[in-house]
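Undergrad: Construct the entire structure; sequences and hints are all you get.
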Amino acid sequence: MHNAMWGQAIADYAARVRDLRRSGDPNAGFVDFHQFRAEQMQGLPDWQLALPILAALATGGSANDGAVLASAWASLFLASDMMDHIEDREFVPALGMPSPEVAANLATGLIFDAFQTLAEMKNGRCARRAALIFSTCGLDAVSGQHRDLTQQEAPVEDMLQEYWETIILKSGSVFRAALQAGAAAGKRGRSIHAALADYGVALGVMLQLIDDCRDAFSPSDEAMHWQTTLPLLLYLLAIGEDHLRYPEVCTRAAWSAQLSETGVMDALSALLLQWKARAVESLAPLQDGFEKSILGHIPAYILESIPVVAAEASHEPAA
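Each residue of the sequence shown is one higher than the one before, counting from 1157 in the working numbering.
Keep in mind the hints are simulated off the structure, nothing from the lab. Treat the numbers as computed from the prediction; the structure is a model and nothing was measured. Each residue gets a CB set at the ideal place from its N, CA and C atoms; glycine is no exception. Treat the hints loosely; a few may be bogus.
In the DSSO-like style, the derived pairs of lysine-lysine whose C-alpha atoms are separated by at most 30 angstroms in a straight line are [to be verified]:
(1) K1448 with K1278
(2) K1448 with K1343
(3) K1278 with K1343
Computed spacing ranges between beta-carbons, pair by pair [stated by the list, open to error]:
(4) W1320 with G1185: 17 to 27 angstroms
(5) I1395 with N1159: 18 to 28 angstroms
(6) D1377 with L1288: 31 to 41 angstroms
(7) E1276 with G1396: 36 to 46 angstroms
(8) G1445 with F1268: 20 to 30 angstroms
(9) G1185 with N1159: 42 to 52 angstroms
(10) D1377 with I1242: 22 to 32 angstroms
(11) A1350 with L1251: 34 to 44 angstroms
(12) S1449 with Q1198: 24 to 34 angstroms
(13) Q1164 with V1248: 31 to 41 angstroms
(14) L1251 with S1449: 38 to 48 angstroms
(15) A1409 with F1446: 34 to 44 angstroms
(16) P1441 with E1276: 48 to 58 angstroms
(17) D1244 with G1199: 16 to 26 angstroms
TA: What follows is the structure, encoded as structure tokens:
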């Protein structure tokens, strides 16, 4: 983080969530599952685990309730991420996950684990509200993934419109759940809850864009594995192509160069900066304070890992 105080606070919040998961397991007999969950949670970024706690504190709730909600949401996020890799045929076997079937079973366990965690909350009202948020956002995410998996080839402009609708549902909903669930532990009004929900959507879309643009932003000599992603759709529009086709380039470096030549790289940077601005602007209804400051800087922190976007962001006026 740009500020050591923010970085330490986020690290402390994330540690609280991880400690909570280690403090006791009602189904400790399922050793493989608990070990898997602990390892996966350890790999999540600290800022991501801190989101529900920050939302709870920003709405007048407690860090304790926020940590429980963060623990439950982390399980849902991990389940969603794993199923996404399996369904997109990007699953990579690992220790404890030798096959897609084992991974899918563990992902199912993560979903049940999330709702079991909510059921153990002392604040029953907060638990019920969070369970409804998780269910609603989860179904929206599944709807978006279903649209992605069943999409038919169409004119490029139509596919681009479908792309935006799909990622807002698929990825925006997952992070909307984190912020809305955290806000469910607070006491402030619906306008604040809605603002945090919008922030979560913008954050989720940013992360999905970065993932979809990894071939464009990380040029190398690796072979291209074509998928219908945003860079491809923008490239086809830029060259006046109405129908889906794959360019005759073999490596990620060649693809990145072609995107730069046609202006698509600049367009991608601009889109990410627009979603960053949308995330920050959504926080306007929140009272100024420590949590709002941290949330306001997370989008910029995410973009710092992308040199081409970070360079353009450095010329933006301070938020």
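Undergrad: Indicate, hint by hint, whether the structure satisfies it.
TA: Evaluation of the provided hints:
no. : hint                                 : result
1   : K1448 with K1278                     : holds, 27 angstroms
2   : K1448 with K1343                     : holds, 16 angstroms
3   : K1278 with K1343                     : holds, 16 angstroms
4   : W1320 with G1185: 17 to 27 angstroms : violated, 45 angstroms
5   : I1395 with N1159: 18 to 28 angstroms : violated, 44 angstroms
6   : D1377 with L1288: 31 to 41 angstroms : violated, 49 angstroms
7   : E1276 with G1396: 36 to 46 angstroms : violated, 57 angstroms
8   : G1445 with F1268: 20 to 30 angstroms : violated, 36 angstroms
9   : G1185 with N1159: 42 to 52 angstroms : holds, 44 angstroms
10  : D1377 with I1242: 22 to 32 angstroms : holds, 28 angstroms
11  : A1350 with L1251: 34 to 44 angstroms : holds, 42 angstroms
12  : S1449 with Q1198: 24 to 34 angstroms : holds, 27 angstroms
13  : Q1164 with V1248: 31 to 41 angstroms : holds, 33 angstroms
14  : L1251 with S1449: 38 to 48 angstroms : holds, 39 angstroms
15  : A1409 with F1446: 34 to 44 angstroms : holds, 43 angstroms
16  : P1441 with E1276: 48 to 58 angstroms : violated, 32 angstroms
17  : D1244 with G1199: 16 to 26 angstroms : holds, 19 angstroms
Of the numbered hints stated above, those contradicted by the structure are hints 4, 5, 6, 7, 8, 16, listed in ascending order.
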